[in-house]
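Number of protein chains: 6
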Amino acid sequence: MELTHFDKKGNAIMVDVTEKNVTDREAVASGRIKVSPEVYAEIVNGTAKKGDVLGVARVAGIMATKQTSNLIPLCHVLPITKSEIDFHMLRDSYEVEAVCTVRVSGKTGVEMEALTGVSVALLTIYDMCKAIDKRMEIGDIHLCKKTGGKSGDIHIL
Amino acid sequence: MELTHFDKKGNAIMVDVTEKNVTDREAVASGRIKVSPEVYAEIVNGTAKKGDVLGVARVAGIMATKQTSNLIPLCHVLPITKSEIDFHMLRDSYEVEAVCTVRVSGKTGVEMEALTGVSVALLTIYDMCKAIDKRMEIGDIHLCKKTGGKSGDIHIL
Amino acid sequence: MELTHFDKKGNAIMVDVTEKNVTDREAVASGRIKVSPEVYAEIVNGTAKKGDVLGVARVAGIMATKQTSNLIPLCHVLPITKSEIDFHMLRDSYEVEAVCTVRVSGKTGVEMEALTGVSVALLTIYDMCKAIDKRMEIGDIHLCKKTGGKSGDIHIL
Amino acid sequence: MELTHFDKKGNAIMVDVTEKNVTDREAVASGRIKVSPEVYAEIVNGTAKKGDVLGVARVAGIMATKQTSNLIPLCHVLPITKSEIDFHMLRDSYEVEAVCTVRVSGKTGVEMEALTGVSVALLTIYDMCKAIDKRMEIGDIHLCKKTGGKSGDIHIL
Amino acid sequence: MELTHFDKKGNAIMVDVTEKNVTDREAVASGRIKVSPEVYAEIVNGTAKKGDVLGVARVAGIMATKQTSNLIPLCHVLPITKSEIDFHMLRDSYEVEAVCTVRVSGKTGVEMEALTGVSVALLTIYDMCKAIDKRMEIGDIHLCKKTGGKSGDIHIL
Amino acid sequence: MELTHFDKKGNAIMVDVTEKNVTDREAVASGRIKVSPEVYAEIVNGTAKKGDVLGVARVAGIMATKQTSNLIPLCHVLPITKSEIDFHMLRDSYEVEAVCTVRVSGKTGVEMEALTGVSVALLTIYDMCKAIDKRMEIGDIHLCKKTGGKSGDIHIL
Numbered sequence: 001m002e003l004t005h006f007d008k009k010g011n012a013i014m015v016d017v018t019e020k021n022v023t024d025r026e027a028v029a030s031g032r033i034k035v036s037p038e039v040y041a042e043i044v045n046g047t048a049k050k051g052d053v054l055g056v057a058r059v060a061g062i063m064a065t066k067q068t069s070n071l072i073p074l075c076h077v078l079p080i081t082k083s084e085i086d087f088h089m090l091r092d093s094y095e096v097e098a099v100c101t102v103r104v105s106g107k108t109g110v111e112m113e114a115l116t117g118v119s120v121a122l123l124t125i126y127d128m129c130k131a132i133d134k135r136m137e138i139g140d141i142h143l144c145k146k147t148g149g150k151s152g153d154i155h156i157l
Numbered sequence: 001m002e003l004t005h006f007d008k009k010g011n012a013i014m015v016d017v018t019e020k021n022v023t024d025r026e027a028v029a030s031g032r033i034k035v036s037p038e039v040y041a042e043i044v045n046g047t048a049k050k051g052d053v054l055g056v057a058r059v060a061g062i063m064a065t066k067q068t069s070n071l072i073p074l075c076h077v078l079p080i081t082k083s084e085i086d087f088h089m090l091r092d093s094y095e096v097e098a099v100c101t102v103r104v105s106g107k108t109g110v111e112m113e114a115l116t117g118v119s120v121a122l123l124t125i126y127d128m129c130k131a132i133d134k135r136m137e138i139g140d141i142h143l144c145k146k147t148g149g150k151s152g153d154i155h156i157l
Numbered sequence: 001m002e003l004t005h006f007d008k009k010g011n012a013i014m015v016d017v018t019e020k021n022v023t024d025r026e027a028v029a030s031g032r033i034k035v036s037p038e039v040y041a042e043i044v045n046g047t048a049k050k051g052d053v054l055g056v057a058r059v060a061g062i063m064a065t066k067q068t069s070n071l072i073p074l075c076h077v078l079p080i081t082k083s084e085i086d087f088h089m090l091r092d093s094y095e096v097e098a099v100c101t102v103r104v105s106g107k108t109g110v111e112m113e114a115l116t117g118v119s120v121a122l123l124t125i126y127d128m129c130k131a132i133d134k135r136m137e138i139g140d141i142h143l144c145k146k147t148g149g150k151s152g153d154i155h156i157l
Numbered sequence: 001m002e003l004t005h006f007d008k009k010g011n012a013i014m015v016d017v018t019e020k021n022v023t024d025r026e027a028v029a030s031g032r033i034k035v036s037p038e039v040y041a042e043i044v045n046g047t048a049k050k051g052d053v054l055g056v057a058r059v060a061g062i063m064a065t066k067q068t069s070n071l072i073p074l075c076h077v078l079p080i081t082k083s084e085i086d087f088h089m090l091r092d093s094y095e096v097e098a099v100c101t102v103r104v105s106g107k108t109g110v111e112m113e114a115l116t117g118v119s120v121a122l123l124t125i126y127d128m129c130k131a132i133d134k135r136m137e138i139g140d141i142h143l144c145k146k147t148g149g150k151s152g153d154i155h156i157l
Numbered sequence: 001m002e003l004t005h006f007d008k009k010g011n012a013i014m015v016d017v018t019e020k021n022v023t024d025r026e027a028v029a030s031g032r033i034k035v036s037p038e039v040y041a042e043i044v045n046g047t048a049k050k051g052d053v054l055g056v057a058r059v060a061g062i063m064a065t066k067q068t069s070n071l072i073p074l075c076h077v078l079p080i081t082k083s084e085i086d087f088h089m090l091r092d093s094y095e096v097e098a099v100c101t102v103r104v105s106g107k108t109g110v111e112m113e114a115l116t117g118v119s120v121a122l123l124t125i126y127d128m129c130k131a132i133d134k135r136m137e138i139g140d141i142h143l144c145k146k147t148g149g150k151s152g153d154i155h156i157l
Numbered sequence: 001m002e003l004t005h006f007d008k009k010g011n012a013i014m015v016d017v018t019e020k021n022v023t024d025r026e027a028v029a030s031g032r033i034k035v036s037p038e039v040y041a042e043i044v045n046g047t048a049k050k051g052d053v054l055g056v057a058r059v060a061g062i063m064a065t066k067q068t069s070n071l072i073p074l075c076h077v078l079p080i081t082k083s084e085i086d087f088h089m090l091r092d093s094y095e096v097e098a099v100c101t102v103r104v105s106g107k108t109g110v111e112m113e114a115l116t117g118v119s120v121a122l123l124t125i126y127d128m129c130k131a132i133d134k135r136m137e138i139g140d141i142h143l144c145k146k147t148g149g150k151s152g153d154i155h156i157l
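Just so you know, the sequences run in chain order A, B, C, D, E and F.
Counting from 1, position 5 in the first sequence corresponds to residue 5 in our numbering; the numbering is continuous, with no gaps.
Counting from 1, position 71 in the second sequence corresponds to residue 71 in our numbering; the numbering is continuous, with no gaps.
Counting from 1, position 10 in the third sequence corresponds to residue 10 in our numbering; the numbering is continuous, with no gaps.
Counting from 1, position 128 in the fourth sequence corresponds to residue 128 in our numbering; the numbering is continuous, with no gaps.
Counting from 1, position 91 in the fifth sequence corresponds to residue 91 in our numbering; the numbering is continuous, with no gaps.
Counting from 1, position 115 in the sixth sequence corresponds to residue 115 in our numbering; the numbering is continuous, with no gaps.
Calculated from the structure, these hints are not laboratory results.
Beta carbons are placed, not taken as given, at the ideal position from N, Cα and C, and that holds for glycine.
Some hints here could point you the wrong way.
[Claimed, not checked] Mimicking SDA-like on lysine to any residue, the simulated pairs with C-alpha atoms at most 25 Å apart in a straight line are: (1) Lys107/C <-> Gly139/F; (2) Lys107/F <-> Gly148/C; (3) Lys20/B <-> Thr23/E; (4) Lys145/D <-> Ile132/C; (5) Lys107/C <-> Lys145/D; (6) Lys82/C <-> Val17/C; (7) Lys34/E <-> Gly139/F; (8) Lys20/D <-> Ser105/E; (9) Lys20/D <-> Arg91/E; (10) Lys145/C <-> Ser105/F; (11) Lys107/C <-> Ser105/F.
[Stated by the list, open to error] These stretches of chain C come out as covered by chain F in the derived footprint (C-beta under 8 Å, 3 or more residues): (12) 109 to 117; (13) 138 to 148.
Just chain A, with the same shape it has in the complex:
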């Protein structure tokens, strides 16, 4: 097993996927932001009533999935066919979980798009709540699922 993003001389490259087949591919990623009880309450209230933090974060995350190839240097440009962000309020731990699902009919997968969508959605929550609390922490960002493509399906708990 080797890092595919380098050629034999060790130079960074965008991997050649020209010969690969176009297939339907999906990736799901998730992550969390740990907030203070005050911020948690604001997000819950806001979503119900006014000041919709999650609504803005969702739009930011979806738009970021479309910017992935501009952010991650060796990522391919992919015409993604679905992008979706779900949030779950984890009341016991004062966390918000973001789950991003991306699909494409393409020659390579959309793991990076899903991970980027999660990251930017969580950063947006941080931005909108930082006037109350600057000690929030973003973590547990990982791939949950990947289907389609030659390397087969992957499910990660």
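With chain A held as given, fit chains B, C, D, E and F onto it using these hints.
Relative to the frame of chain A, chains B, C, D, E and F by itself:
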């Protein structure tokens, strides 16, 4: 204390900073990616010899600090005056830590720029190593330090 | 009939078009800017002689059709295969009409690309002429025609 | 009075504002989209309950004000200090009005930013409702107010 | 003398200019594209009559000066205050010369903006003429002049 | 033979490629930057030891190939499937040569992507070394090879 990114009707806004003073501001943020022993070895080797994962991730992170206002919907456009990413290899836990420092002479701070730089640098490491391991996890992303501006200095352990 | 850009919980999504067929699609949109007689004369003269307002606006409109998915949050990324802007000088009403035609071989249509091309072309005319007249008005922006895709062809007068 | 966006040979230029003073400037622009009664009802319901069309359009409009200099070829890059979009539901005419307010401490004004914010907010409404109605029309886009800068204040009804 | 874009460990950085003074700075760069006699005639005809190659290339070059910090990884974000591209037809050598002038009131200079404007203007000429001739060559891209800033003025023949 | 980027009225257009076949296409372009002996030594040392100028320039060039359609007004948006930059140190002439190879499965070729990748890679070298020498010159940018597509293969020495 209130969410400042909403007006009285609860609508999302970019906060008005027109009347604020231009001062020198700095923010430092950090985060980590947990990788497998194989990936860890590849990164260490690569940095010493060939296939410079961290070099590419550093460039990606610095460029991302300049894209922050395009990614985070309510962030101000700031002409940042310094952007830097450091990596530390944490051998005991098979983690790579990224630390991003951003400075600006501006009317508002650069916390989001530093956090975005860290996030994109870590996502780039994920991208470059995912052919070997798709179970890497990004976490512990938080603000470390913020200086300048009216709200005073903050240091977070 | 329902808003397709929301899921069952009411959350904004980029609609899943993975299963749709790739077909040739075209959209035509138009719009107008109403200017003062002085501005109208400048545009006509400029086009004939020097100071080519419409030439710059045409380039801006074409480039904007390629930026559509970065501007409209839930729009798909589409590799458009044709983009064209025509202008008509409407001398009786001191208006400039912009008509934008976009084509794609893709899984969804290019209505938003055509409407965005028209809007940015007209905004560019405003920008270039605003030193003379700030009371110009942009209006009548609508879809004229849409062909290809499952929902059938549409012609709007 | 002359088109300032051309030099003496008639070539398009970005006007030199180097010598101008930095002052606080504000611009307000507005525009409308005319929709069908069904779409109008969906937007009203969505805002109250689920499927928040205006929430997404507001984020799109604010983000677009930050992209103005990338869209309008001869516009200056401005570090805008406030950006805000308000919507008014005009029940008698089945219209949605968007009003965008932008501020900057800068060497030139933000009229184009306000007009671009309005345009993209209205285009986003079109996008989100076009599954129900493709005959919506965007119009009445104009500058309402401009303050600050040497050319003095302007109020347009 | 040292490469300033690296820190003491050899890592790439965006140089810290926070403490530098804001002064008026200007840079002029130029470059050439060598074309076939047929292309040369098309460009001359086009400019006079129709098919304005240089008009499109000028807009592309000006817009590129605003994108410089997104293209060149360690470049600062600068709110440029003037951007201009001139072309000269060099009939004896079948060359088109592009000259780009950029100004800013900022903490660092605009050499890269001027060089990027020239490069993209010339690439655009290539693009528009490549259906006739693919053997065109772009060269002689260099800085001509730089004024303002602590390092003093430079004139290069 | 005619300029294809204009319609019959002489207006700039993005050429319609809707009816063309999707085929595998490749383009290779190259160019050079002439530097001073001091800069040449720094680049050679840097690559071996620290301060990796070429590593940063390679990332910049690869990322630029993905931005081509945003920079060159009439270029199509292409989902490129490979992007690679090689550098050669030409010790006798104190030049660095950049060679960019781009591939796509698409309806039109990637010559502009390869030329843009070369240009931005060389501009990045200029940027990173300009603290030592501002008299560097970029030149000899040309297409080397183009394969795939109806117009046949081309090899240019």
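> Going through the earlier hints one by one, which of them does the structure break, listed in rising order?
Replying inline: Violated: hints 1, 5, 9, 10, 12 and 13.
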